[in-house]
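Asks: Sequence:
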Amino acid sequence: PQQHLNARPLFWPRGKTLGGSSSINAMVYMRGHKADYDGWEVASGTSVWGWDRVRALFKRLENNQRFGNSEYHGTGGELFVSELQTVNPLSRSFVKAGRELQIQHNDDFNGERQEGVGLYQVTQNRGRRWSSAKAFLESALDRPNLEVITDARVTRVVMDGRRAIGVSYRRNNKYKQARLNP
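With the working numbering applied, the sequence shown corresponds to residues 11 to 192, in that order.
Hints listed in this document are in silico derivations from the structure and should not be mistaken for laboratory results. The beta carbon of each residue, even a glycine, is placed where N, CA and C say it ideally should be. Where hints are given, some of them may not hold.
What follows is a list of derived Cβ distance ranges for each label pair [what the hints assert, rightly or not]:
1. Arg163 to Leu67: 39 to 45 Å
2. Arg123 to Arg173: 31 to 37 Å
3. Thr96 to Asn16: 36 to 42 Å
4. Met40 to Arg163: 33 to 39 Å
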């Protein structure tokens, strides 16, 4: 219960499954705003979080079915990004209403700008959900050095300097640690 909601609980679904929320959400493919990443770069004092760096990573991870390999999109990655297979008529009406209100149309919310009105892309492959588990985990499940632990909550990323070497997690009310074993 939330004090400022008249003691009502707030429903906030979470993706407590392989693939996290990408396995339960609306599949909208929307990156953060360039200014946010550049702000993280300034705050962290490292270029690792700057827009130019993360944009290159987004391109490498993405397999964009519409925009192909371009300044903002990639085609060789594991994460399929495509157009909606079926567009709800209400969505088209919403975009039309926005245009009538002089809101600039945006054909690509992950391109040069994020402001505007338009239809978004989704993480789907041929109309089927393409979660982060499908994109990045499924092909690695047979690796001998990979153990997938379910019903666990990560409590901390274990670092060695700037390199992640493991995680601390809680499972069945017991705290454990998993270390990287390349």
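Asks: If you check each hint against the structure, which ones fail?
Replies: Per hint list: 1 and 4 violated.
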